[in-house]
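Chains as they are written, first to last, in my numbering: chain Z, 76 to 431; chain C, 76 to 431; chain A, 76 to 431; chain P, 76 to 431.
Careful: at least some of the hints might be erroneous.
One copy or two, either will do: identical chains are not told apart, so a pair holds if it fits within one copy or between any two.
What the hints assert, rightly or not - Distance condition first, Cα-Cα at most 25 angstroms in a straight line; then the derived DMTMM-like pairs of lysine to aspartate or glutamate:
hint, residue 1, residue 2
1, Lys299, Asp149
2, Lys103, Asp149
3, Lys218, Asp353
4, Lys357, Glu145
5, Lys82, Asp281
6, Lys299, Asp105
7, Lys346, Glu152
8, Lys299, Asp179
9, Lys205, Asp407
10, Lys404, Asp206
It should be emphasised that the hints constitute simulated quantities derived from the structure, not laboratory data. The structure displayed is predicted, hence computed values, not measured ones.
There are 4 protein chains.
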Amino acid sequence: MNFKPHKYLEPDFTKLDINITAQYVSAKSDGIAPDNFHAMSIYPEYFNIEGEWILPNQSRMDCVAVLRSEKFIDIVEFRNIKKNDKVIIGRTEDGSEGIYLHADCFIDEKSKKDTFGFRQSRTRETAFSKDYDKLYEVLKHDKENGYIVWVLGPAVVFDHDSRNAFVNMIEKGYVDGILAGNALATHDMEGDLFKTALGQDIYTQDYMPNGHYNHLDLINRVRKAGSIEEYCKNIETGIVNACVSHNVPYVFAGSIRDDGPLPGVFANCYKAQDAMRDQLRKATCVVCLATQLHTIASGNMTPSYTIKDGVTRPVYIYYVDITEFAANKLKDRGSLSVTTIITNVQDFLSQVDKNI
Amino acid sequence: MNFKPHKYLEPDFTKLDINITAQYVSAKSDGIAPDNFHAMSIYPEYFNIEGEWILPNQSRMDCVAVLRSEKFIDIVEFRNIKKNDKVIIGRTEDGSEGIYLHADCFIDEKSKKDTFGFRQSRTRETAFSKDYDKLYEVLKHDKENGYIVWVLGPAVVFDHDSRNAFVNMIEKGYVDGILAGNALATHDMEGDLFKTALGQDIYTQDYMPNGHYNHLDLINRVRKAGSIEEYCKNIETGIVNACVSHNVPYVFAGSIRDDGPLPGVFANCYKAQDAMRDQLRKATCVVCLATQLHTIASGNMTPSYTIKDGVTRPVYIYYVDITEFAANKLKDRGSLSVTTIITNVQDFLSQVDKNI
Amino acid sequence: MNFKPHKYLEPDFTKLDINITAQYVSAKSDGIAPDNFHAMSIYPEYFNIEGEWILPNQSRMDCVAVLRSEKFIDIVEFRNIKKNDKVIIGRTEDGSEGIYLHADCFIDEKSKKDTFGFRQSRTRETAFSKDYDKLYEVLKHDKENGYIVWVLGPAVVFDHDSRNAFVNMIEKGYVDGILAGNALATHDMEGDLFKTALGQDIYTQDYMPNGHYNHLDLINRVRKAGSIEEYCKNIETGIVNACVSHNVPYVFAGSIRDDGPLPGVFANCYKAQDAMRDQLRKATCVVCLATQLHTIASGNMTPSYTIKDGVTRPVYIYYVDITEFAANKLKDRGSLSVTTIITNVQDFLSQVDKNI
Amino acid sequence: MNFKPHKYLEPDFTKLDINITAQYVSAKSDGIAPDNFHAMSIYPEYFNIEGEWILPNQSRMDCVAVLRSEKFIDIVEFRNIKKNDKVIIGRTEDGSEGIYLHADCFIDEKSKKDTFGFRQSRTRETAFSKDYDKLYEVLKHDKENGYIVWVLGPAVVFDHDSRNAFVNMIEKGYVDGILAGNALATHDMEGDLFKTALGQDIYTQDYMPNGHYNHLDLINRVRKAGSIEEYCKNIETGIVNACVSHNVPYVFAGSIRDDGPLPGVFANCYKAQDAMRDQLRKATCVVCLATQLHTIASGNMTPSYTIKDGVTRPVYIYYVDITEFAANKLKDRGSLSVTTIITNVQDFLSQVDKNI
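Modelling step: build the complete structure from the supplied sequences, incorporating the hints.
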């Protein structure tokens, strides 16, 4: 395997004829930023602190930068700002206020052409062969040298083959963390208990008599067991069970649509967000499948770069969905570096599993 | 106006040659139902309690029935079951276990034909003229004699005309409650502050310089004001402001996608669900616009009937979305009585406002 | 391989307490049917001719039945009716006018359950694993014992892998005929000449300089060669070339969107229709990929049954498209027996090729 | 009304330091262009003929330029090239081969901002209020000072209100020509005869018994009448009838999907194309509704400019469709100047009719 993540081009600050230290204002109350606060993008942003340009070791779009010490800049959600936090201010990105945004940091000659291509819309008619081939390379590389987070919509477990394909990938070591909702976990375990999802057989498509009880029965059983982990001691199939067996961490975020919920599902959506970000901080590759809510949430929390063992490299983000609208929406919300593939996730997973 | 809600046909239990009292089992722990629990549908369901058939005065799909007294059956979510609750058991619906589901309770000769029509798929090519005309009648009737709840996706405030149309409807008295998320409220108030949504002018489509700060600035200002109500004292336009001025209750449910959030947004999604259900318990008409998450959540909580001043009548549910998939999904999740309209909600609101 | 096409259940006319001969009226002019003409469905329909029930050996929805002799009933398009044709009249299907429609002729115990399932909507979230497995069986069986017609949208040749997959299937013998448009042929041969489709590389997605000339240059070259066959003598890749090499017949129907067109493309759309029907008359399996126009056209011309070596068997129809709307539309236009798969045809073809 | 079409900015050839006459090569055979032919874009293109820059008075994308005389350059489809035609060659657009493409000819300061905005994707969530307001202005202006061509998909006549709205617009003078297919005409006249489209009532949605015969009966009647015009002498409602009454020309292009067809429908799709182009040559405004086939065909034939009474002005093109994919596809096929509106055409027509 020859694949290497794109090399990071350090900015050459000697060419930047500016040396102005970034300004901050202390927050007057918890949860409120000073006027003119600076908000982060998905790109690497350097802050000039007393003449030295500091790159925060983690970032998140639409958050503020808080100066903890001369070397440490923390990236903080509005709700997590504390009184007296030193919030960096300024809304330019060219260094003139001590803030420098470094957008084209992974662009080489080859990818410049790609950038041109990206200006065209990506649709169901885009040729995805090469995107698949590159994804296989990224997954193989990051299995050994990175951290692969999967964001899963419930459709993944609605089909026999795709559910099995994902279990295979867990077993082969391609899954370092899972972000999903109550429905994914519920219907995956319903598939174990009854071979159904929402009462319909995930292979034969037959409807089980009284099958609309199936997910409720499953939820009630897991609640009785006390925890997902406890319940999984007595089952053998499915994605949730494979996560438990292989110590793959998962975050199941609650939503207003939930029945139950299963024990372990986050009721507080901002605590869920924090738990998701804990996974995404480590991520070198994020693959999102057929869920607009969790994908945009994850996209918002994922910067275009990460620092792994002192080396800055890209985070590769993929979004697989059957509609152009959903895919474009992630870009329209700021996640410009995503690679979208327009297809059914069932086929996507079957193919990926066979090729890695 | 001649419109009257469909008349309720009481079941004739004298024709039912069964008189078996419904059985219950006491819950052994909080949040866990006994085996063989009965789960509710969207339809009226009668329980035979010592020979008398009792209709719960409220219902909710996928919840359990708890016998509080001989006359009072409460419909309870799994997470709200308490130890020792008398949970009714049985999974038949024909009276043979003391449970009788009364599905065709609003069907008359005319609507029988409609029912046949409904078996065909509804698509962008369905003729919606009559559905609009009926909706106008329902809204006019329920403005005086009912409770109209609107479920709003953010697209409603992304356009100048549709945002204004909805404000008009609040002022004319057609809005009794609003269910939405942090984004709807944020971008509506961003529209007041900057005339933009996510930085783009909601009329001219121009991009405001540094406009990606707009929603963050708005959120920060409302957080500084301490509450939506306090902030609205100093603004004049928009849906949130009109709600505050006209005492229209709203529920803004948080989600993992949120920036901020605004003060007053529910962080706990199950408490948000409870607050939504409090609105939906009163609803005689529910109109859902361009939000899959909030619509399916609301659909799950809305039965096909309500009892208003002692009279049982239908709850009219509409779902307006631009994709057939979203509309069908609500039906596939059990909300069979919904009327779907496949269009852009901008045009929908402009038209409805002009015709009522 | 154990797969056998569903067995045909002959109608038992002895149980039908009717013996009325079908009536006809002679057409007064070319192209015009008599009043009360009978129009065909997709199902087998028997006509009582002097006491004997005759099944036409071919059929087509929305056409009329013309009595040629006591044993031969021809199914004719309106535009092909000739003066004095004996057009059968009557609009009942229960035998009372000598016309008997035999809808459930392939239903066995197992498929009765399937029929129930089919009443639910099929969407991107339907479990397609078993449909794939059955399709593999049908293709393997009909490769030896049937006639497999493929209906192709241009997206098939927009991607490197799917274009190659289809060429493989031609070479393996799974393709007996192709129905498509000028665009499919043009961009397939553009892929041979320049490795592009509409100027974009079908593997790398790079845009070739002045690539918008590519399809025009290709068309001009084929026109200069005089025919597709002549042009293919000097090329080596692609679907059109594989058809020519392997003597697979194709019909390329012209449309108002065409540049060129290529030589051999039908300018007259009704002559194209006749040529398509000639292929579809022989078909035992029809697989339609990502083209609404050609799929609905083909669906309209394909009955649910065919008679092969004296045996009546089903025609298996598949429609693969990325939108539910397109798939449903085929059903809404009368092709009730189709199996729809909602996915990107690129992945569909890659998968099918690997599994047969 | 203050609306004026964007003013044309003549290119300043004095600033272009080039004076090279365009080269041509005579075609050696009918229908075949010489190598290195120049293909037209949607924009104004000037050809240097012996030192003078000539703008063809009509254009069409993907066609060749044929020099008829020193002052007259004809724009010709490949299939219409004749032997000895002087086909201009060269594939640069900066004047260096005597060909100058003038893309930004209608751009003023204001619209430069618009251009920036246009680079973002247009979706269901785009604010369309201003696009509607501008469309009303264009229609009012061009009713008196232009030529408005409508391209109609069958969905327009599937709904009672939208069908009536379009008839109103014909009567008010907003329709100068119609381009559509056999289905639009058939179902419109079916709506007159039976109040149905494909057997379903266009207002009540009820299914008429044996309604699948309705369109066939209508077709048969019109064929019997001999022509659409003759048939319309005895009917009173609908779009086709209004066209006949008000002498609005129509082109009904045949397709492989057609039943019938109606008399007057073009069987030869390239003759249909020629007839469509005859309408589009005159067009100052083109509004396309819910038909991908006819819209892309029309878009391909419509340049971004027209010369009306010696004045060069834009052709305003609108495409209204419920999917982003269809709208984007028109742009991906080269029609960059189109304004897309993502909505249901039923609502679009009802709104437009009420506002003009």
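Verification of the supplied hints:
1. Lys299 x Asp149: between (41 angstroms within a copy, 22 angstroms between copies)
2. Lys103 x Asp149: Cα proximity of Lys103 and Asp149: one copy only (18 angstroms, versus 48 angstroms across).
3. Lys218 x Asp353: Answer is within; shortest intra-copy Cα gap is 19 angstroms, inter-copy 48 angstroms.
4. Lys357 x Glu145: within (24 angstroms within a copy, 57 angstroms between copies)
5. Lys82 x Asp281: between (51 angstroms within a copy, 21 angstroms between copies)
6. Lys299 x Asp105: Classified as between; 10 angstroms across copies, 39 angstroms inside a copy.
7. Lys346 x Glu152: both (12 angstroms within a copy, 23 angstroms between copies)
8. Lys299 x Asp179: Neither way: Lys299 and Asp179 sit 53 angstroms apart in one copy and 36 angstroms across, limit 25 angstroms.
9. Lys205 x Asp407: both (24 angstroms within a copy, 21 angstroms between copies)
10. Lys404 x Asp206: both (20 angstroms within a copy, 21 angstroms between copies)
Against the hints set out earlier in the document, a violation occurs for number 8 only.
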